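Chemist: Taken in sequence, the protein lines are chains D and E. Just so you know, this note's numbering puts 146 at position 146 of the first sequence, and the rest follows in order with no gaps. Here this note's numbering = 1-based position in the second sequence + 1000.
No lab work stands behind these hints: they were computed from the structure. Nothing here was measured: the structure is a model prediction, and the numbers come from that model. Hints are supplied without guarantee of correctness; some may be wrong.
[To be verified] To give a feel for the contact side, a few chain E residues facing chain D, derived at Cβ under 8 angstroms:
| hint | residue |
| --- | --- |
| 1 | 1020 |
| 2 | 1023 |
| 3 | 1079 |
| 4 | 1084 |
| 5 | 1094 |
| 6 | 1096 |
| 7 | 1098 |
| 8 | 1100 |
| 9 | 1101 |
| 10 | 1147 |
| 11 | 1172 |
| 12 | 1178 |
| 13 | 1198 |
| 14 | 1199 |
| 15 | 1201 |
For each residue, glycine too, the CB sits at the ideal point set by N, CA and C.
There are 2 protein chains.
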Amino acid sequence: MKKTEIPDIIISRLPVYLRALRHMEGQHKQTTSSQELGAVVGLSAAQIRKDLSQFGEFGKQGTGYNIAFLIDKLREILKVDQVWDVVLIGMGDMGHALARYQGFKDRGFRVAMVFDNDPSKVGTQVEHFTVQDMKEIVTAIRGSGIKVAMLCVPAASAQEVTNLLLDAGIQAILNYAPISLSVPTGIHVQYLDPSIGLQRMTYYLD
Amino acid sequence: MKKTEIPDIIISRLPVYLRALRHMEGQHKQTTSSQELGAVVGLSAAQIRKDLSQFGEFGKQGTGYNIAFLIDKLREILKVDQVWDVVLIGMGDMGHALARYQGFKDRGFRVAMVFDNDPSKVGTQVEHFTVQDMKEIVTAIRGSGIKVAMLCVPAASAQEVTNLLLDAGIQAILNYAPISLSVPTGIHVQYLDPSIGLQRMTYYLD
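Construct the complete structure from the given sequences, taking the supplied hints into account.
Modeler: Here it is as structure tokens:
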């Protein structure tokens, strides 16, 4: 299966399917249908079937999808059947919230290191992490082999820190700073900007 | 212009264009091109032109887009040329971070009320907000006419709180709880789930 053959828009939906299936599993359901899954995630049954068919035959006509099996397959496709260490940069409110966030558990991620450039924060404890000095970030990440970062620094320093992360070998950045980052081809950035999420919806409001 | 004629995928990109244009404006640029804007947001110039052409003629062949003009138009289209009051529910780490978040300023939103169900939090101050009791939420929101909510409660209570919000007249929910919400047609939900953002990217990593 060539990566380039599957549109990113489909990849973007797989984590949403996975979350919905995990929720069904938590409710002790064994099987689901493309209709039911579609209703949960707000897509048509046809879209669900089309998306999943990109990766193989996961359901049976008449009996639908085995939830546990489909979860395993999606975790495998998304490579979250392993645990990725993640570096967290910026120990403001959002950084604190992410350091304590319980929602990474069983979803493929673990915060491994936290950084800040504020001397009053460096060396302090946040949860079970000791805040490390930004000056050490390139060396620390290079030595660890970590590829994934969450960026919670102010907009004004986000690009500068991003450049350090790229230097250090980071390949995927979840960006909370309200700014578009410039990165070379092959580096992945996702934005978690609450204003963007809200602005997508106000278009539809009166 | 009929709403139904414009695909949601295009609407979803407009806030990203707006953020990039605001950033350019902050750098005292006057004009941009579909090439330049595309490079910033990671899309082709053709895609930018196609998306914007849905809403009218915003650029001139040869001279490109006037940044201030395009910002005004996008703010108008997305209805963020006004300020939307937003209700914030759940005063855990993420709720605190959002109550203090500076990134809503000038982007069309203002946190107007905050709620929690924990008696030890109700009545306390978070920033300049007094935390209100969840028991009062339906009455308080109905009386205010607020249509937009940010949901930062645990996954286990997210659907229950959502039902209250719908009762109260909320039409758009930015959901931080790691769970898919069931809402009727016409109600808008956007998810800010860091695991989803990360899982979208690990697919591409080795």
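Chemist: Interface hint check: residue 1101 (chain E), Cβ to nearest Cβ on chain D, cutoff 8 angstroms. Holds or violated?
Modeler: Since the shortest Cβ distance to chain D is 7 angstroms, the answer is holds.
Chemist: So, as I understand it, the hint says residue 1201 (chain E) touches chain D; can you test that by seeing if any CB pair is closer than 8 angstroms?
Modeler: OK, holds: residue 1201 (chain E) within 8 angstroms of chain D, min 4 angstroms.
Chemist: Next item in the hint list is residue 1199 (chain E). Is there a CB on chain D closer than 8 angstroms to its CB?
Modeler: Holds, because the Cβ-Cβ distance from residue 1199 (chain E) to chain D comes to roughly 4 angstroms (cut-off 8 angstroms).
Chemist: The hint names residue 1096 (chain E) as touching chain D; please verify it with the least Cβ-Cβ distance against 8 angstroms.
Modeler: Result: holds, 6 angstroms to nearest chain D Cβ.
Chemist: Taking the least C-beta to C-beta distance, is residue 1023 (chain E) closer than 8 angstroms to chain D?
Modeler: Result: holds, 6 angstroms to nearest chain D Cβ.
Chemist: Please verify that hint: residue 1100 (chain E), Cβ, nearest Cβ of chain D, below 8 angstroms or not.
Modeler: Since chain D brings a Cβ to about 5 angstroms from residue 1100 (chain E), closer than 8 angstroms, the hint holds.
Chemist: A closest beta-carbon separation below 8 angstroms is what the hint needs, so does residue 1198 (chain E) meet it against chain D?
Modeler: holds, 5 angstroms
Chemist: So, as I understand it, the hint says residue 1147 (chain E) touches chain D; can you test that by seeing if any CB pair is closer than 8 angstroms?
Modeler: holds, 6 angstroms
Chemist: Does the CB of residue 1084 (chain E) sit less than 8 angstroms away from some CB of chain D?
Modeler: holds, 6 angstroms
Chemist: How about residue 1098 (chain E): closest beta carbon in chain D under 8 angstroms, or not?
Modeler: holds, 7 angstroms
Chemist: Once the shortest beta carbon distance from residue 1094 (chain E) to chain D is found, is it less than 8 angstroms?
Modeler: holds, 5 angstroms
Chemist: Under 8 angstroms, Cβ to Cβ, is where residue 1178 (chain E) needs to be relative to chain D, so tell me if that hint holds or is violated.
Modeler: Holds, about 4 angstroms.
In the structure shown, no violation is registered for any of the earlier numbered hints.
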